[in-house]
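Model the full structure from these sequences, guided by the hints.
Number of protein chains: 2
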Amino acid sequence: MSVGVVRVGLLGLGTVGGGVIKTIRSQQEKLSLRLGKRIEIVKALVRDSEKERAVHVEPSILTTNFEDVLKSDVDIVVEVMGGVDPTYDYVRALIEKGCHVVTANKELLAKRGTELVELANQHQVHLAYEASVAGGIPILSVLRQFLRTNDISGVRGILNGTTNFILTKMEAEQLSYQEVLKQAQELGYAEADPRSDVEGFDAMYKLYILAQLVYGESLPLADVVRKGISDLSAGHIRIASELGYRIKLIAQAYQTDEGIRLSVQPTMLPLGHPLAQIQDAFNAVQLSGNIVGDLLFTGRGAGELPTASAVVEDLAYLLTQPFTPHPVWRENTASHLAAQPEASQRSLCYLEGSCPSATPDRVLHFLRAAGVSISKLKVQFDLGGVLRAGLITSGLNEEHEALLTSDFGLSVRRFPILESAES
Amino acid sequence: MSVGVVRVGLLGLGTVGGGVIKTIRSQQEKLSLRLGKRIEIVKALVRDSEKERAVHVEPSILTTNFEDVLKSDVDIVVEVMGGVDPTYDYVRALIEKGCHVVTANKELLAKRGTELVELANQHQVHLAYEASVAGGIPILSVLRQFLRTNDISGVRGILNGTTNFILTKMEAEQLSYQEVLKQAQELGYAEADPRSDVEGFDAMYKLYILAQLVYGESLPLADVVRKGISDLSAGHIRIASELGYRIKLIAQAYQTDEGIRLSVQPTMLPLGHPLAQIQDAFNAVQLSGNIVGDLLFTGRGAGELPTASAVVEDLAYLLTQPFTPHPVWRENTASHLAAQPEASQRSLCYLEGSCPSATPDRVLHFLRAAGVSISKLKVQFDLGGVLRAGLITSGLNEEHEALLTSDFGLSVRRFPILESAES
Numbered sequence: 026m027s028v029g030v031v032r033v034g035l036l037g038l039g040t041v042g043g044g045v046i047k048t049i050r051s052q053q054e055k056l057s058l059r060l061g062k063r064i065e066i067v068k069a070l071v072r073d074s075e076k077e078r079a080v081h082v083e084p085s086i087l088t089t090n091f092e093d094v095l096k097s098d099v100d101i102v103v104e105v106m107g108g109v110d111p112t113y114d115y116v117r118a119l120i121e122k123g124c125h126v127v128t129a130n131k132e133l134l135a136k137r138g139t140e141l142v143e144l145a146n147q148h149q150v151h152l153a154y155e156a157s158v159a160g161g162i163p164i165l166s167v168l169r170q171f172l173r174t175n176d177i178s179g180v181r182g183i184l185n186g187t188t189n190f191i192l193t194k195m196e197a198e199q200l201s202y203q204e205v206l207k208q209a210q211e212l213g214y215a216e217a218d219p220r221s222d223v224e225g226f227d228a229m230y231k232l233y234i235l236a237q238l239v240y241g242e243s244l245p246l247a248d249v250v251r252k253g254i255s256d257l258s259a260g261h262i263r264i265a266s267e268l269g270y271r272i273k274l275i276a277q278a279y280q281t282d283e284g285i286r287l288s289v290q291p292t293m294l295p296l297g298h299p300l301a302q303i304q305d306a307f308n309a310v311q312l313s314g315n316i317v318g319d320l321l322f323t324g325r326g327a328g329e330l331p332t333a334s335a336v337v338e339d340l341a342y343l344l345t346q347p348f349t350p351h352p353v354w355r356e357n358t359a360s361h362l363a364a365q366p367e368a369s370q371r372s373l374c375y376l377e378g379s380c381p382s383a384t385p386d387r388v389l390h391f392l393r394a395a396g397v398s399i400s401k402l403k404v405q406f407d408l409g410g411v412l413r414a415g416l417i418t419s420g421l422n423e424e425h426e427a428l429l430t431s432d433f434g435l436s437v438r439r440f441p442i443l444e445s446a447e448s
Numbered sequence: 026m027s028v029g030v031v032r033v034g035l036l037g038l039g040t041v042g043g044g045v046i047k048t049i050r051s052q053q054e055k056l057s058l059r060l061g062k063r064i065e066i067v068k069a070l071v072r073d074s075e076k077e078r079a080v081h082v083e084p085s086i087l088t089t090n091f092e093d094v095l096k097s098d099v100d101i102v103v104e105v106m107g108g109v110d111p112t113y114d115y116v117r118a119l120i121e122k123g124c125h126v127v128t129a130n131k132e133l134l135a136k137r138g139t140e141l142v143e144l145a146n147q148h149q150v151h152l153a154y155e156a157s158v159a160g161g162i163p164i165l166s167v168l169r170q171f172l173r174t175n176d177i178s179g180v181r182g183i184l185n186g187t188t189n190f191i192l193t194k195m196e197a198e199q200l201s202y203q204e205v206l207k208q209a210q211e212l213g214y215a216e217a218d219p220r221s222d223v224e225g226f227d228a229m230y231k232l233y234i235l236a237q238l239v240y241g242e243s244l245p246l247a248d249v250v251r252k253g254i255s256d257l258s259a260g261h262i263r264i265a266s267e268l269g270y271r272i273k274l275i276a277q278a279y280q281t282d283e284g285i286r287l288s289v290q291p292t293m294l295p296l297g298h299p300l301a302q303i304q305d306a307f308n309a310v311q312l313s314g315n316i317v318g319d320l321l322f323t324g325r326g327a328g329e330l331p332t333a334s335a336v337v338e339d340l341a342y343l344l345t346q347p348f349t350p351h352p353v354w355r356e357n358t359a360s361h362l363a364a365q366p367e368a369s370q371r372s373l374c375y376l377e378g379s380c381p382s383a384t385p386d387r388v389l390h391f392l393r394a395a396g397v398s399i400s401k402l403k404v405q406f407d408l409g410g411v412l413r414a415g416l417i418t419s420g421l422n423e424e425h426e427a428l429l430t431s432d433f434g435l436s437v438r439r440f441p442i443l444e445s446a447e448s
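Protein sequence lines correspond, in order, to chains P and E. Using this note's numbering, read the first sequence as starting at 26 and increasing by one per residue. Using this note's numbering, read the second sequence as starting at 26 and increasing by one per residue.
Check before you lean on any hint, since a few could be wrong.
Unchecked claim - Okay, the calculated beta carbon distance ranges per label pair:
| no. | chain 1 | residue 1 | chain 2 | residue 2 | range |
| --- | --- | --- | --- | --- | --- |
| 1 | P | 198 | E | 283 | 38 to 48 Å |
| 2 | E | 305 | P | 423 | 37 to 47 Å |
| 3 | E | 430 | P | 404 | 56 to 66 Å |
| 4 | E | 178 | P | 380 | 41 to 51 Å |
| 5 | E | 422 | P | 213 | 37 to 47 Å |
| 6 | P | 169 | E | 178 | 26 to 36 Å |
To be clear, the hints were calculated from the coordinates, so they are not data collected in a lab. This structure is a prediction, so every number in the text was calculated from the model and none was measured. Glycine included, C-beta positions come from ideal geometry on N, C-alpha and C.
Below is the structure:
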């Protein structure tokens, strides 16, 4: 590393990349004081070097050719371009040149993290990725700290700000998913192609990174249960609320008797649950340690500056720490992911239909005769004669669901319930 | 340090000390694996070596004589005896022998921390005290991390579990302070002599430790505004709730134009404020950074195991880190603490009295004529003709308070309002 200057290369100069430049500039004095070195961005790989940008950058550092970054003799690369292809190859080439890596790319880590960790260890460079999970919340460093003394029994949280914003708005303003998505896109909270957020991929990658850290295993990504929010209706949200629940897209990793289970899915939370209080674009992560108990961390999980804060913290951290090898995840050969939750768990079952045979009495009679226990019930009819019902059930299985559809003409949606720690 | 074994001495073997022994035992395997060394408690200073204890300890390691600890050739001392006298002298003697220190003692750090930090630096030993603030919440390490890249504009939180438990119970069960205190003492949540908790000393020491870290200055402890909860009545809590507020004992440190201001006092929080959701014996700390935004950390702030978790984490940390000098706080010669908040701030003013001249109309007329603006009002009369009123005011000062007492025979209590970040 050159004396007095840290040469940084940037892969990508979108929202987060702009935030990184702003943060390094506004905190330059503080950083220099602590690091004894000035951070200088010497090269930035962009798609279009002519594009207008919110942050001023010397045109001479911009390039559209990765080879220019590779030749620029950078000490550290900050990867905020996203995606796996060609990002993986770029990061790999830089590690092989002995360059430290700071990345905010959850997809890259979830899909190729094991290889990158091994490569970084082999070349004795840092691979830091705090910014990839929960933006400004320093959840990875906190987890590493707790893992020194605690057995972590579970991690759960709200890891995607876009979907949490949409769900909050749908409930508060009684709007449909499509209406709120449009607003979110106009506000810049959701992307033109929103699938990565609304179908749960983004949250899944983040959960996966957390889970590998907690369980020390390379888990099969394909086995993660993943459901998004795009099929949620105002009816689901209203019935949930009348039953005392709020729907959140909950990411969870926990140990079951059959192995580690990872899921991202719309989940019912009792209104008093701490995660039910997390609204708008906020993220939150709850850890359960055998010694420390439950801890909850809340903050902005995305956006230019919170994510940039995590990137620059990683930068500052690796500049003050000697290299220590990153723990390598054990290969998980047998699938450790448990199957679907058993039917015996409590769930909120939402029914909707207009078939005249689907009277509440007949439906309830059928379910009770089938051995399903029902602890709470809300039924609504609208002016058009459409029945909407919410039931808190245990013992309901897929067979029952099929019969409710075939014999009663009802559409059925079953949501898992996250019980309160207190209850 | 002996090869393969870390020799630990314990000062104090109360609730937290017992938790430390339990944690080291239950996590011994994990700790040995990570540290490459076994942790062994070789000596424990106690007041009474014959006393029955919840945790089994070899009688041979117990001593009532500090000299025995000093002679035991310990690598690390864990100080959980509390107090300043004789604790300071003991810790000092151990540092001078080259012994690392892990402490949970907030009073010691607040009153003699500067000296201990200098002494530890001089002897190149670690002085670790994560457990002194907010139990299992790793707030000091998180703060240190954020300070590398963020300017922290303020820290606020609920730092004392006992008082939060009492306030939660008073509201939920409409009981008086004395009734709940008695319950809390029976449950072991409050001590026989509860002053350190209920008068705000405990929260003040913790706030002070946080503030020195954030502002890098040795602040005058005597200038911290400190008010406890022992004079709060069911009437205060009821009127607050009717106006949409909840009373919490809030510890705050923030920069004002006149300097840094530290306060611990009963404060009104809008019900939607994240800190208003923190109930029972939980603690929470909110940080505001210029890059990362607002972050909130919640967890059990006290108790045997959460505090022990923080102690053992400190132990594990210092065993894996080379010594680096602790930053020395700049001497704060001029008092940087601002005076009382200006009268222009919004506050909730509680009035109580039975004087027949204190009709709501006359009181309001007087206040408006005096230029006090009133945005919200709740008035109650009980069967005995006692008036209780709550007013959201701005512009009310001590002069007005005096006149309300002398001319209207009213007792007056003014509470600051913590505005929501959103509003």
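So, going through the hints one by one against the coordinates:
{"no.": "1", "hint": "P:198 to E:283: 38 to 48 Å", "result": "holds (43 Å)"}
{"no.": "2", "hint": "E:305 to P:423: 37 to 47 Å", "result": "holds (39 Å)"}
{"no.": "3", "hint": "E:430 to P:404: 56 to 66 Å", "result": "holds (58 Å)"}
{"no.": "4", "hint": "E:178 to P:380: 41 to 51 Å", "result": "violated (59 Å)"}
{"no.": "5", "hint": "E:422 to P:213: 37 to 47 Å", "result": "holds (45 Å)"}
{"no.": "6", "hint": "P:169 to E:178: 26 to 36 Å", "result": "holds (27 Å)"}
The structure fails to meet hint 4 from the earlier list, while all remaining hints are met.
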